[in-house]
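Protein chains: 2
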Amino acid sequence: MRSTFEEQLNDLHLRFSEMGMMASEAIMKSVKAYINHDKALAKEVIEKDVYINRREMDLEKDSFEMIALQQPVTSDLRMIVTVLKASSDLERMGDHAVSIAQETIRVKGKTRIPEIEKLISEMGDMSTSIVEDSLEAYLKKDGAMAEEVAKRDIEIDGKSKMINELCIKDMQKTADNVLSGSSYMLVASYLERVGDYATNICEWVVYLNSGHVIELNRKHMADED
Amino acid sequence: MRSTFEEQLNDLHLRFSEMGMMASEAIMKSVKAYINHDKALAKEVIEKDVYINRREMDLEKDSFEMIALQQPVTSDLRMIVTVLKASSDLERMGDHAVSIAQETIRVKGKTRIPEIEKLISEMGDMSTSIVEDSLEAYLKKDGAMAEEVAKRDIEIDGKSKMINELCIKDMQKTADNVLSGSSYMLVASYLERVGDYATNICEWVVYLNSGHVIELNRKHMADED
Numbered sequence: 001m002r003s004t005f006e007e008q009l010n011d012l013h014l015r016f017s018e019m020g021m022m023a024s025e026a027i028m029k030s031v032k033a034y035i036n037h038d039k040a041l042a043k044e045v046i047e048k049d050v051y052i053n054r055r056e057m058d059l060e061k062d063s064f065e066m067i068a069l070q071q072p073v074t075s076d077l078r079m080i081v082t083v084l085k086a087s088s089d090l091e092r093m094g095d096h097a098v099s100i101a102q103e104t105i106r107v108k109g110k111t112r113i114p115e116i117e118k119l120i121s122e123m124g125d126m127s128t129s130i131v132e133d134s135l136e137a138y139l140k141k142d143g144a145m146a147e148e149v150a151k152r153d154i155e156i157d158g159k160s161k162m163i164n165e166l167c168i169k170d171m172q173k174t175a176d177n178v179l180s181g182s183s184y185m186l187v188a189s190y191l192e193r194v195g196d197y198a199t200n201i202c203e204w205v206v207y208l209n210s211g212h213v214i215e216l217n218r219k220h221m222a223d224e225d
Numbered sequence: 001m002r003s004t005f006e007e008q009l010n011d012l013h014l015r016f017s018e019m020g021m022m023a024s025e026a027i028m029k030s031v032k033a034y035i036n037h038d039k040a041l042a043k044e045v046i047e048k049d050v051y052i053n054r055r056e057m058d059l060e061k062d063s064f065e066m067i068a069l070q071q072p073v074t075s076d077l078r079m080i081v082t083v084l085k086a087s088s089d090l091e092r093m094g095d096h097a098v099s100i101a102q103e104t105i106r107v108k109g110k111t112r113i114p115e116i117e118k119l120i121s122e123m124g125d126m127s128t129s130i131v132e133d134s135l136e137a138y139l140k141k142d143g144a145m146a147e148e149v150a151k152r153d154i155e156i157d158g159k160s161k162m163i164n165e166l167c168i169k170d171m172q173k174t175a176d177n178v179l180s181g182s183s184y185m186l187v188a189s190y191l192e193r194v195g196d197y198a199t200n201i202c203e204w205v206v207y208l209n210s211g212h213v214i215e216l217n218r219k220h221m222a223d224e225d
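Chains as they are written, first to last, in full-length UniProt numbering: chain A, 1 to 225; chain B, 1 to 225.
Calculated directly from the structure, the hints in this document are not laboratory data. From the three backbone atoms N, C-alpha and C, an ideal C-beta is built for every residue, glycine too. Worth double-checking, as some hints may not be accurate.
Okay, the calculated bits of chain A under chain B, using three or more residues with CB under 8 Å as the criterion [stated by the list, open to error]:
id: 1; stretch: 55-62
id: 2; stretch: 67-78
id: 3; stretch: 84-92
id: 4; stretch: 168-174
id: 5; stretch: 177-187
Same shape as in the complex, but just chain A (with noise of 0.2 Å):
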């Protein structure tokens, strides 16, 4: 029986990381799909969603199953409650990268801002990579990798604010950059919450190690600026 339970555990530990790289794939297939005006692609984001809703749902019964037949205890239990927890996260991406892809729908014949889809594009990177790395923390359960990973949402951070003073500088200046740069807006505000969820992900990674719920990155401060 305790061999049975093992593999399940491994099964949910895989099904969960499989999880992540589909949600780190559908945020970089949005970036794409946003940045080239790619219409299909972005409608393959947002069908595609279905399934790591789906994915999230499988992972919440199992683990409840998981819980009440084999009442798991300590570190086992810990992995659990992690998968339920953390797999919320991944599900949020998920969303983000629906919206970027609805965003790419939306805003059709806009006027372009080269200049900012590149740090748009560098932005995307950022985010998938950082998603990656925090699945990569977790598959290894290495907490100093987690607690590096998480330190780039600080660069995410700055990018977003980047993007965000160049839209207001460039929409004052040409009314017809408007409706590209309030869309550029919300993107980067996407992708910041993209960087978020990581860190999330990469607080579970420690709690999964230490058995301690830690903050990474307090950002929450009140400082004027």
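Place chain B on chain A using the hints.
Okay, now just chain B, sitting in the frame of chain A:
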């Protein structure tokens, strides 16, 4: 022993609802601060977010211990899993209140567009009330009420769309309104997300009653508009 567990479960239930009220208050205050350019209130929202985060951690810890020590099954376990999962939704509502409060501090001395501020204020009321009512449905364990409450998220999305369209028109017409307009759009996107989280709470109420994970208001359709 059994009665102690019942007490613990009841306590978990109440402290989850309390967390919900903290989140709902944070949203209400953040919108009030934003509309009134009240930086002191905005700072209060940002500083108090730590209590919402701490409450989530406490609920996690207690849920974990209750599962490990009492090994609940069926409906008791389902309730604990609901608290574990849905507390993430409440925590994120708090994060969005913080984002709105940060906007209050960030955008200073901007031009105001009273027509749009009125809509933002209405959207704030709608978001606060959908959160409160989703919590009432949770406390009453009323699945039918939860389904009704979730429907109101569609009106919140409609309001968001209206705000976005007005902002874009206004920014195109008047360059001086770009700073305000882009800020209004961001705040509307935060409030829209709060409505999504309230919908999640409603879904958890349905799950609590039925054991089935469902998705209310499927909005991720790839429709062109």
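Are 3 or more residues of the stretch 67-78 of chain A near chain B, judged by a Cβ distance of less than 8 Å?
-> Per the Cβ count (7), the hint holds.
Take the stretch 84-92 of chain A, compare each residue's beta carbon with every beta carbon of chain B, and decide whether three or more fall closer than 8 Å.
-> holds (count 5)
Go check the stretch 168-174 of chain A versus chain B for me, would you? Three or more residues, Cβ under 8 Å, otherwise it fails.
-> holds (count 4)
With a cut-off of 8 Å between beta carbons, are at least three residues of the stretch 177-187 of chain A near chain B?
-> holds (count 6)
Can the stretch 55-62 of chain A be counted as covered by chain B under the rule of three residues or more with Cβ-Cβ separation shorter than 8 Å?
-> holds (count 3)
Hint violations for this structure: none, all hints satisfied.
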